[in-house]
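Enquirer: Sequence:
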Amino acid sequence: MQRKYISPILVLTFLGLCFAGYLSLTKLITNTCALNETCPYFIGYPACWYGFVLFAIMFVTALLVYLNKVQLSKARYIIGIVSLIGIIFAGSFIVPEMKPLLAGEARYSLGLPSCAYGFIFYVIIFGLTLRRPKENN
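According to this note's numbering, the sequence shown is numbered sequentially starting from 10.
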């Protein structure tokens, strides 16, 4: 039951970890932001670094459930809280960028700011944690 429930969360957190990792590593190595866009900062550090940490926490938690090392009920709570923090965090960066984007003044390599993709991942992951596991799986 746990593996079937946690598998989509495990995949999404891994993809989010890879994306945030790419953004973070690019910033760390080149001191420029990936995808030729502005790099938002929070308390002196690039936002993508925080995203990497949030996705890492969720991925490790989901992996531990998949390996039967952590109870699903505890993991749902942890992943739900962390993804909610991610929604608030990423959302706070994309809201100011939406006005120029909607006015056609902003251009992004992937169509949206990179924080928007993190936001989308966090929302989907949060939604998945709200599902109730089926007892007969």
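I should point out that these hints are in silico values taken from the structure, not numbers from a laboratory. It cannot be assumed that every hint is accurate.
Lysine to any residue pairs mimicking SDA-like chemistry, simulated, CA-CA at most 25 Å apart [to be verified]:
| no. | residue 1 | residue 2 |
| --- | --- | --- |
| 1 | Lys36 | Ala125 |
| 2 | Lys83 | Lys36 |
| 3 | Lys143 | Ala125 |
| 4 | Lys13 | Arg140 |
| 5 | Lys108 | Phe98 |
| 6 | Lys78 | Gln11 |
| 7 | Lys143 | Pro109 |
| 8 | Lys13 | Lys108 |
| 9 | Lys143 | Phe98 |
| 10 | Lys13 | Tyr31 |
| 11 | Lys108 | Cys42 |
| 12 | Lys36 | Glu46 |
| 13 | Lys78 | Ile97 |
| 14 | Lys36 | Tyr117 |
| 15 | Lys83 | Ile133 |
| 16 | Lys83 | Lys108 |
Simulated restraints on C-beta separations [what the hints assert, rightly or not]:
| no. | residue 1 | residue 2 | range |
| --- | --- | --- | --- |
| 17 | Glu114 | Lys143 | 25 to 31 Å |
| 18 | Cys48 | Glu114 | 31 to 37 Å |
| 19 | Gly136 | Thr41 | 29 to 35 Å |
| 20 | Arg12 | Ala115 | 39 to 45 Å |
| 21 | Ile133 | Cys48 | 33 to 39 Å |
| 22 | Ile97 | Gly53 | 32 to 38 Å |
| 23 | Val62 | Ala112 | 28 to 34 Å |
| 24 | Val62 | Tyr117 | 34 to 40 Å |
| 25 | Leu24 | Ala112 | 29 to 35 Å |
| 26 | Lys13 | Leu34 | 29 to 35 Å |
| 27 | Pro105 | Ser16 | 32 to 38 Å |
| 28 | Lys143 | Ile90 | 19 to 25 Å |
| 29 | Thr41 | Leu110 | 18 to 24 Å |
| 30 | Gly113 | Val69 | 39 to 45 Å |
Don't be surprised by glycine CBs; every beta carbon is placed ideally from N, CA and C.
Enquirer: Hints broken by the structure, by number, lowest first?
Expert: 2, 3, 7, 8, 9, 10, 13, 16, 17, 18, 21, 22 and 24
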